[in-house]
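Now for the letters of each chain:
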Amino acid sequence: MIALLLRDLRLATRAGGGFGLGLVFFLIVVVLVPFGVGPETAILSKIASGILWVAALLAALLSLDRIFALDFEDGALTLIATAPIPLEAMGLAKATAHWLTTGLPLTIAAPILGVLLQLPNSGYSIVALTLLLGTPALSMIGTFGAALTVGIRRGGLLLSLLVLPLYIPTLIFGAEAARRGTAGLDATTPLLMLAGITAGCIALLPFATAAVLRINLR
Amino acid sequence: MIALLLRDLRLATRAGGGFGLGLVFFLIVVVLVPFGVGPETAILSKIASGILWVAALLAALLSLDRIFALDFEDGALTLIATAPIPLEAMGLAKATAHWLTTGLPLTIAAPILGVLLQLPNSGYSIVALTLLLGTPALSMIGTFGAALTVGIRRGGLLLSLLVLPLYIPTLIFGAEAARRGTAGLDATTPLLMLAGITAGCIALLPFATAAVLRINLR
Amino acid sequence: MPVLSNVSFDVEAGLALILRGPNGIGKTTLLRTLAGLQEPVAGTCDFPADQAAYASHADGIKTALTVRENLAFWADVYGNTVPDAIWDWFDLADLRDRFAGTLSAGQKRRVGLARLGVINRKVLFLDEPTVSLDGFSVKLFSNFIRDQHLANGGIAVIATHIDLGLDEATTLDLTPFAAADFGPSDSDEAFL
Amino acid sequence: MPVLSNVSFDVEAGLALILRGPNGIGKTTLLRTLAGLQEPVAGTCDFPADQAAYASHADGIKTALTVRENLAFWADVYGNTVPDAIWDWFDLADLRDRFAGTLSAGQKRRVGLARLGVINRKVLFLDEPTVSLDGFSVKLFSNFIRDQHLANGGIAVIATHIDLGLDEATTLDLTPFAAADFGPSDSDEAFL
Amino acid sequence: MSLWEYANPKKFMGWTGPILPWAFGAAGLCLVVGLFWGFFLTPDDFRQGSTVKIIYLHVPAALMAINAWMMMLVASLIWLVRRHHVSALAAKAAAPVGITMTLIALMTGAIWGQPMWGTYWAWDPRLTSFLILFLFYLGYMALWAAIDDPDTAADLTSVLCMVGSVFALLSRYAVNFWNQGLHQGASLSLDKEENVSDVFFFPLLVCIAGFVLLFFALVLLRTRTEIRARRVRALQLSEVR
Ligand code: HEM
Ligand SMILES: Nc1ncnc2c1ncn2[C@@H]1O[C@H](COP(=O)(O)OP(=O)(O)OP(=O)(O)O)[C@@H](O)[C@H]1O
Ligand SMILES: Nc1ncnc2c1ncn2[C@@H]1O[C@H](COP(=O)(O)OP(=O)(O)OP(=O)(O)O)[C@@H](O)[C@H]1O
Ligand SMILES: [Mg+2]
Ligand SMILES: [Mg+2]
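These protein sequence lines are chains V, L, X, U and F, in that order. Residue numbering for the first sequence is 1 to 218, as defined by this note's numbering. Residue numbering for the second sequence is 1 to 218, as defined by this note's numbering. Residue numbering for the third sequence is 1 to 192, as defined by this note's numbering. Residue numbering for the fourth sequence is 1 to 192, as defined by this note's numbering. Residue numbering for the fifth sequence is 1 to 241, as defined by this note's numbering.
Calculated from the structure, these hints are not laboratory results. Quick caveat, the model's predicted, so the values are computed rather than measured. No residue lacks a Cβ here, since even glycine has one placed at the ideal position from N, Cα and C. There's no promise every hint is true.
Dumping the calculated SDA-like pairs for lysine to any residue here, alpha-carbon to alpha-carbon at most 25 Å [unchecked claim]:
id: 1; chain 1: X; residue 1: 139; chain 2: U; residue 2: 33
id: 2; chain 1: U; residue 1: 62; chain 2: V; residue 2: 74
id: 3; chain 1: U; residue 1: 122; chain 2: L; residue 2: 86
id: 4; chain 1: U; residue 1: 139; chain 2: X; residue 2: 160
id: 5; chain 1: U; residue 1: 62; chain 2: L; residue 2: 152
id: 6; chain 1: X; residue 1: 139; chain 2: U; residue 2: 28
id: 7; chain 1: U; residue 1: 122; chain 2: U; residue 2: 33
id: 8; chain 1: X; residue 1: 139; chain 2: U; residue 2: 176
Looking from chain F toward chain X, a few residues come up when the C-beta cut is under 7 Å (computed) [said to hold, decoys possible]:
id: 9; residue: 7
id: 10; residue: 222
id: 11; residue: 229
id: 12; residue: 230
Example chain L residues on the side facing chain U (calculated, C-beta under 10 Å, incomplete) [claimed, not checked]:
id: 13; residue: 1
id: 14; residue: 2
id: 15; residue: 6
id: 16; residue: 39
id: 17; residue: 70
id: 18; residue: 71
id: 19; residue: 75
id: 20; residue: 76
id: 21; residue: 84
id: 22; residue: 85
id: 23; residue: 169
With these hints in hand, go ahead and build the complete structure from the sequences.
If you want it as structure tokens, here you go:
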């Protein structure tokens with residue numbers, strides 16, 4: 001399992017591996033929004049934390065199809081499935097690699113990009129905190145979605161369709177906590193819910209992922 | 001060229017062809033934004049036209065990697081390149097197919113989804129008009145970007161990265177026109193600029209696309 | 001839907017079985033079934049499941065990793081180390097530190113086959129292992145199967161269209177086993 | 001960087017040239033250069049460029065289209081129609097309306113080769129056309145090249161590792177032409 | 001003979017054939033009676049005027065939209081456990097009916113919202129969770145459509161349905177937390193205080209019965225169609241060589 005994690009991280013950081021592209025997509029969405037909604041500070045600072053969350057979610061989403069598809073196309077997935085690693089561990093390794101290459105960098109970048117969206121000063125730490133708590137759930141759910149669509153060529157958009165409704169609770173609690181925190185209100189309840197969702201996803205989804213992979217590799 | 005266009009449309013509408021998925025992605029982004037920024041009608045209706053434009057742009061963006069990548073992977077692109085069709089015509093055919101399967105449906109759906117974002121009544125027709133004028137440019141620019149990244153496996157995110165800066169002028173004028181129209185102001189200038197960009201893209205970009213394809217297939 | 005029927009064979013330790021038959025007869029299907037990658041419509045296979053390995057043209061070689069890194073990964077997964085002799089067995093010594101993406105079709109195939117020497121499994125199911133190999137490389141492969149694999153008590157079931165020059169092998173032509181009428185499969189049958 | 005040097009040959013109308021040589025010698029490179037898909041470091045090729053066609057394992061068959069739709073598309077692109085005889089030449093009559101995605105490796109390869117019969121070009125550059133074909137299909141292919149292509153004044157340059165049984169063919173072994181030292185390429189040279 | 005034998009495709013076709021016309025007949029009768037009663041024989045509400053009558057379409061459709069998903073969940077579980085093809089196909093057949101019910105609820109709600117709240121759409125929790133349900137249906141149907149092999153498709157969609165149900169519940173809770181909303185509470189609860197008055201209540205019950213029967217009939221019909229499609233597929237497969 002460690003071998004797989006290390007390989008995935010190494011592949012991600014090699015040329016064409018896609019490390020950092022999620023980050024750049026995040027940056028670009030954040031840059032685009034002011035062009036779309038206009039430059040008024042009052043509006044922007046109200047929607048800043050929400051846009052950061054939506055953009056982070058989209059950036060995570062778009063890197064999902066790499067999780068299994070490359071390995072499936074060149075046959076590596078079949079070979080790994082017949083190797084002596086439980087598929088559950090494999091799903092967990094893949095999700096961890098995804099989080100390390102996407103969720104973690106996004107969390108670190110979000111406060112910095114907040115500047116572009118006129119995020120109020122009170123918002124920086126809470127936005128980072130919610131993303132740190134929430135992005136592991138996004139990676140776990142996304143890995144499940146990627147496993148569902150692994151047999152489908154260029155299933156990227158279908159993958160988005162399947163995964164987005166599953167992302168909604170995470171988004172709601174994450175963005176709500178960020179919004180309340182930014183406005184100086186108490187954000188304990190949504191933060192606890194967010195942490196609960198993440199814990200639940202980590203505990204349960206590897207099994208669903210493995211089940212779905214087994215079906216797809218049949 | 002007609003043969004290619006028809007084939008692409010047929011492939012798009014077959015199972016797994018991805019027709020309609022761009023549309024669904026559009027829907028999903030529009031649904032996500034309120035979860036992020038909160039449900040207040042006043043804020044939503046202010047940012048509605050801008051969000052519609054950004055979402056349409058992202059939906060168009062995400063379907064770009066299908067334009068050439070599938071044909072490249074199975075060798076069809078090489079074969080088409082050595083066939084007696086000028087590469088310029090091929091680029092145009094690909095862009096047209098992309099617009100028919102993505103830009104046009106988005107334009108039609110945008111006013112309907114405007115309801116969800118509390119788009120003011122004055123905004124429906126102007127949003128549709130700007131998208132109708134602007135999406136062909138998005139398809140042409142996107143085809144050029146897809147040609148640039150065609151050799152790169154799973155280059156989806158890199159493609160987004162390359163294309164997004166090129167999309168910014170279209171977005172600025174399109175969203176500005178939509179915003180002014182929604183607010184009841186005069187939108188002639190940005191509309192003219194938008195039309196100019198689209199005309200320029202259609203006239204010039206097929207040559208750039210062909211040149212880039214020639215390099216990538218070498 | 002059934003592709004083959006009534007196929008039955010035993011292979012003893014140290015021996016190989018060559019599957020032959022025209023395109024589309026079901027060699028790939030049979031091997032994938034044996035390797036446990038799809039379920040048989042009917043019938044059983046009996047061998048130590050944790051000793052089996054499958055390989056086809058799609059050999060999971062990562063183009064962005066070097067040849068050495070590719071093999072090291074598989075060794076890790078199977079809890080082995082890469083044996084030094086492997087570079088000679090498959091004539092890869094010169095290619096060790098090349099990125100796999102820059103290899104020619106045949107060179108890449110050799111790396112894919114070298115994986116078999118790394119994972120150290122007793123029962124191998126190989127689907128057209130010599131595709132795009134030249135005569136010399138085919139001989140390297142046959143020697144590996146004979147001297148390293150079978151000689152150590154391994155078993156190999158190999159689908160191929162060419163002659164591998166393996167004396168230890170019995171050949172099984174699948175032509176006579178083609179399922180009579182391609183009847184509907186179990187799940188479809190319920191609907192007829 | 002140069003892979004081959006001093007290769008030179010003429011092929012006359014109605015004749016074929018078989019390229020041979022070990023893995024990695026540069027057959028694919030040579031064929032792609034001839035077909036105009038990459039530029040030669042030095043040297044020239046001389047044939048009517050609008051009569052050339054190239055084919056490799058990657059045959060651009062769309063899995064979501066039927067066999068017939070696939071071939072019809074290529075006929076359209078080249079301004080031809082699909083000749084009825086094509087189904088016999090490549091034994092595809094039964095597969096005509098199957099989705100290409102459901103074919104076996106060899107069946108799909110036959111469809112890829114049938115494309116050559118549809119586009120009707122005089123000069124063919126073929127890279128390992130018989131990969132995954134069984135003996136019978138190889139014969140179908142040789143017959144097509146001999147009776148339909150060469151007999152009508154066509155030319156074929158074919159890289160392969162197996163014996164195609166083409167009497168009309170001269171064979172060129174590329175081994176002696178391997179570029180001496182894999183020196184730096186044109187563009188790198190400027191930096192030395 | 002076990003109950004499961006009625007789920008064999010052939011048997012299923014046999015016993016559902018005669019039932020189908022009755023089911024449609026009963027559904028039609030209930031709907032005609034219920035809607036006529038509701039539309040023409042009840043007084044206008046003193047606050048809402050005649051717009052209140054949308055309730056006869058809106059509430060039954062909303063109920064069935066949720067129940068259809070429940071039915072799919074049960075059918076998926078049966079498929080995963082017992083591998084009965086008919087139950088997988090019934091789940092597949094119910095999805096388009098369910099999504100239509102969801103759409104009817106959304107659209108009648110939107111039409112109702114214009115006079116009541118002055119807007120077609122508000123991010124009210126009830127409405128929002130229906131929109132999310134709509135997305136779940138879309139994803140479920142898209143996954144069915146994207147996979148060629150019917151058994152694989154049945155397996156994957158079943159897992160999606162189960163995981164999706166958990167997340168749908170979670171969303172429901174999340175959305176409630178997120179926004180307080182304008183929408184009515186449950187008016188069909190046993191607690192009589194909160195219920196709508198009897199004049200509206202009885203025709204509403206008849207309409208709900210009509211929608212339940214209609215759903216049943218449509219799912220039966222679509223399941224039969226799916227079974228026939230599978231039979232055609234099986235025949236075609238046995239034909240090729
Ligand atoms: C798109 C918009 C709407 C959706 C998706 C929607 C959804 C629902 C749902 C799911 C129910 C059934 C709840 C249950 O029984 O548990 C329901 C009932 C009801 N809705 Fe709506 N609704 C919408 C708009 C409206 C509007 C605008 C009104 C009018 C003010 C309204 C009034 C009612 C009433 C009176 C009931 C019956 C009370 C009940 O049984 O709960 N709805 N709606
Ligand atoms: N998904 C599918 N749907 C329908 N038929 C299929 C499918 N996959 C394979 N087949 C059929 O099953 C038969 C066996 O295919 P298989 O790939 O096992 O052949 P093979 O012996 O490996 O042939 P080759 O030598 O060409 O690789 C073929 O006739 C093929 O057309
Ligand atoms: N991108 C590249 N970078 C560096 N070397 C390369 C690259 N592509 C190919 N080569 C080298 O060029 C040589 C010729 O490769 P080519 O693919 O033409 O061989 P081939 O004769 O077709 O071999 P095979 O029979 O194995 O297909 C090989 O030694 C290969 O390693
Ligand atoms: Mg095969
Ligand atoms: Mg080659």
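A quick look at each hint next to the structure:
| no. | hint | result |
| --- | --- | --- |
| 1 | X:139 / U:33 | 30 Å, violated |
| 2 | U:62 / V:74 | 18 Å, holds |
| 3 | U:122 / L:86 | 20 Å, holds |
| 4 | U:139 / X:160 | 17 Å, holds |
| 5 | U:62 / L:152 | 20 Å, holds |
| 6 | X:139 / U:28 | 22 Å, holds |
| 7 | U:122 / U:33 | 17 Å, holds |
| 8 | X:139 / U:176 | 21 Å, holds |
| 9 | 7 | 10 Å, violated |
| 10 | 222 | 16 Å, violated |
| 11 | 229 | 9 Å, violated |
| 12 | 230 | 5 Å, holds |
| 13 | 1 | 9 Å, holds |
| 14 | 2 | 8 Å, holds |
| 15 | 6 | 8 Å, holds |
| 16 | 39 | 42 Å, violated |
| 17 | 70 | 8 Å, holds |
| 18 | 71 | 7 Å, holds |
| 19 | 75 | 3 Å, holds |
| 20 | 76 | 3 Å, holds |
| 21 | 84 | 6 Å, holds |
| 22 | 85 | 6 Å, holds |
| 23 | 169 | 35 Å, violated |
In terms of the numbered hints stated before, the structure departs from hints 1, 9, 10, 11, 16, 23, listed from lowest to highest.
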